[in-house]
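Given these sequences and hints, build the entire structure.
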Amino acid sequence: MTKMSGAEILVESLLKEGVRDMFGYQGGAVLPIFDVLVDKPINFILVRHEQGAAHAADGYARSTGKVGVCIATSGPGATNLVTGIATAYMDSVPIVALTGQVPTHMIGNDAFQEADIIGITRPITKHSYLVKDVKELARTVKEAFHIARTGRPGPVVIDLPKNVSTGETEYNYPEKVNIRSYNPTYLGHPMQIKRAAKAISKSKRPVIYAGGGIIISGASEELLKFSETTNIPVTTTLLGLGGFPGTHPLFLGMLGMHGTKYANLAITESDLIIAIGARFDDRITGKTSEFAPHAKIIHIDIDPSAISKNIQVDIPIVGDAKRVLQELNKIVTKCDISPWHRKINKWKREYPLTYKQNEKLKPQYVVEKIYEVTKGRAIITTEVGQNQMWAAQYYKYTRPRTLLSSGGLGTMGYGFPAAIGAQVGNPEAIVFDIAGDGSFQMNIQELATAVQFNLPVNVAILNNQYLGMVRQWQELFFNKRYAYTSLEVSPDFVKVAEAYGAVGIRVEKKEDVTPALKHAIQTKKPVILDFRVEKEENVFPMVPAGAALNQMIEGMA
Amino acid sequence: MKHTISVLVENRFGVLARVSGLFSGRGFNIDSLCVGETDDPTVSRMTIVVRGDERVLEQIIKQLRKLIDVIKVSNLTKEEHVERELVLIKVSAMNKKRAEIMEIVNIFRAKIIDVDHQIVTIEMTGDEDKISALIELMKPFGIKELVRTGRIAISRGGR
Ligand SMILES: Cc1ncc(C[n+]2csc(CCOP(=O)(O)OP(=O)(O)O)c2C)c(N)n1
Ligand SMILES: [Mg+2]
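For the record, the sequence lines run as chains A and B. Everything in the first sequence is counted per this note's numbering, starting at 312 for the first residue and increasing by one. Everything in the second sequence is counted per this note's numbering, starting at 20 for the first residue and increasing by one.
Since the hints were made in silico from the structure, they are not lab data. These numbers were taken from a predicted model, which means no experiment stands behind them. Any given hint might turn out to be false.
Unchecked claim - Cβ-Cβ distance ranges computed for the label pairs, FRET-style:
1) B:Ile49 x A:Asn489: 28 to 34 Å
2) A:Phe355 x B:Glu99: 55 to 61 Å
3) B:Arg31 x A:Lys598: 40 to 46 Å
4) A:Asn489 x B:Thr57: 15 to 21 Å
5) B:Glu142 x A:Met502: 50 to 56 Å
6) B:Gly40 x A:Phe355: 30 to 36 Å
7) B:Arg31 x A:His416: 17 to 23 Å
8) B:Asp146 x A:Gly430: 32 to 38 Å
9) B:Glu142 x A:Gly419: 31 to 37 Å
Even for Gly, the Cβ is constructed at its ideal location relative to N, Cα and C.
The following block contains the structure:
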């Protein structure tokens with residue numbers, strides 16, 4: 312058998328795993344890999360900062376369900392990936408991050424551009440590999456993809472010393488993976504499923520609380536069937552949005568800190584919570600001791616360590632959301648809960664999600680118009696802050712994988728590169744990054760990437776000239792002392808867009824929003840929309856950190 | 020409350036860092052940790068002693084199971100098991116004291132493994148209480164140096 316270099320083996324292995332798109336940046340330790348890559352049928356996207364590569368791989372993965380792949384050189388290239396890897400880890404996103412490393416005999420010597428990236432990323436990866444021998448490479452790639460995409464997905468780092476990339480050996484891609492210590496549980500325990508069905512049939516005030524696990528496991532249809540069969544209302548987390556149709560009469564919207572009042576009240580008064588692929592994050596539960604005080608809790612999750620971590624669970628079911636729901640759907644029946652529905656509908660009427668409309672340009676209005684103009688069929692990414700919450704509240708997500716947002720880590724700068732990744736994975740889709748003026752500047756350099764690779768992403772900056780969410784906390788909890796949250800100096804985003812060769816549009820008036828959005832979509836080029844919105848608008852309702860879910864601060868409608 | 024956890028792991032580099040990182044990253048303190056190869060050279064056994072309430076312990080065990088390189092985790096505290104620890108103590112032993120030290124060593128079924136004009140070095144295995152008792156008795160003579168392995172443990176009987 313002829314021998315191949317490590318770099319060739321790596322790229323062949325990636326092709327075997329179905330990789331067709333990849334994001335990354337050049338450097339000394341990865342030169343041999345790029346030298347092979349350039350001749351292969353992989354669409355390579357050269358970003359302008361490695362953080363952008365990691366987020367783009369993440370956006371690609373979240374929007375397509377495939378594993379996203381990014382690559383960076385050793386040392387600073389690898390450390391620049393860290394925020395992106397941590398973001399993917401917190402939200403269970405399958406990415407494989409390839410990093411160059413100094414040659415094996417130099418590891419540990421403080422060699423030029425050496426960083427212990429395996430050590431640095433250990434707490435933020437599902438698993439990681441330092442490949443010390445080229446003979447191990449093919450098996451390592453096989454295992455890395457398997458681990459990234461199965462069970463509770465997550466990022467895997469493969470660190471590739473330069474002499475492993477240049478070393479030679481015979482290439483055999485393993486057919487199967489065999490990791491004796493890794494066997495995720497997919498099928499829920501039948502007894503537990505029966506117990507859950509029984510609890511459901513007895514409940515009078517049930518609520519389904521669905522998280523990102525619904526989308527990851529592809530369980531939206533099963534969830535819809537489950538909810539419609541049982542007649543149980545559904546609330547979702549930020550990452551669960553799109554996992555259940557946002558237009559459905561049984562939908563309660565998002566719960567938690569900026570959730571709808573009716574979702575939070577429903578949780579608080581519920582007698583049975585069915586948590587599916589969600590992890591009772593503190594932004595969801597508020598004060599844990601007062602979370603759903605009257606409810607029994609059923610928790611379906613593939614990760615046993617998520618169960619009873621924050622909230623004690625009565626009926627745990629470890630398994631894949633889709634499989635467990637399929638089993639449940641065979642045995643559940645319609646719940647007789649009309650009084651509960653009446654109560655919820657009353658709350659929906661009394662406490663709708665609204666904001667004060669006036670002649671000014673409101674950020675919520677912009678989000679509503681994005682929904683209207685795209686007919687809800689766009690892929691939306693968000694940055695972090697108020698923009699993210701308004702994107703969650705005022706756009707109705709009807710299909711899975713259409714909202715990509717950094718929920719767990721809350722990474723400003725995520726949305727724009729994630730939009731690039733989503734556009735690469737979905738060339739036909741209309742992609743919008745609903746952005747803040749602060750966040751967008753954290754990865755603004757990726758404009759060059761979007762222009763170079765003809766990716767017609769749209770960035771809708773809800774430009775309030777503030778680190779708005781932080782300013783909101785200052786307004787509410789720090790006596791309006793706006794310490795270092797003003798972004799009075801920002802670049803002229805229209806000119807920035809133009810300087811990069813993209814299209815820039817400034818919108819200052821309400822009536823210009825729809826035409827601007829329509830124009831942006833038509834251009835088929837990257838577009839920056841600078842919406843000069845009301846500066847001190849707040850996100851309501853709001854549960855202050857540490858308060859119970861029913862202790863909401865409300866805006867004036 | 021102290022718990023003894025026995026963990027079978029892949030015998031590979033980096034595994035110890037993953038396990039210990041899991042504890043430190045969550046602010047759990049490890050009382051002791053022993054690692055050694057098993058009869059299968061691809062597998063190592065770690066015996067970890069930690070302190071914490073039941074909830075903390077449950078999380079630790081679940082998190083350990085989640086690590087890809089971890090094959091099996093058992094909480095020995097919950098079953099019948101034996102625990103042992105090895106200690107080496109260097110005690111100053113000038114002429115007159117020597118006999119006294121020897122007597123204690125015999126009572127404890129410990130061993131003297133090294134002597135010179137000034138010191139004797141004692142070796143003993145036993146459970147934690149026995150080791151602590153020996154250390155207490157040696158203190159008055161002047162302990163020059165002391166090293167303990169930390170606890171290792173194994174379940175009782177044929178399971
Ligand atoms: C990388 C990073 N740094 C800091 C924060 C803390 N933070 C959360 S929201 C926010 C303000 C975001 O400002 P902007 O992007 O303008 O969004 P807005 O809230 O104004 O919509 C900050 C600083 C963060 N989430 N991520
Ligand atoms: Mg802002």
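These are the hints, each one checked on the structure:
1. B:Ile49 x A:Asn489: 28 to 34 Å: Once the Cβ atoms are compared, 31 Å apart, the range 28 to 34 Å for Asn489 of chain A and Ile49 of chain B holds.
2. A:Phe355 x B:Glu99: 55 to 61 Å: holds (59 Å)
3. B:Arg31 x A:Lys598: 40 to 46 Å: holds (43 Å)
4. A:Asn489 x B:Thr57: 15 to 21 Å: Since the Cβ atoms of Asn489 of chain A and Thr57 of chain B sit about 20 Å apart, the hinted range of 15 to 21 Å holds.
5. B:Glu142 x A:Met502: 50 to 56 Å: holds (52 Å)
6. B:Gly40 x A:Phe355: 30 to 36 Å: At 33 Å between Cβs, range holds.
7. B:Arg31 x A:His416: 17 to 23 Å: holds (20 Å)
8. B:Asp146 x A:Gly430: 32 to 38 Å: holds (36 Å)
9. B:Glu142 x A:Gly419: 31 to 37 Å: holds (35 Å)
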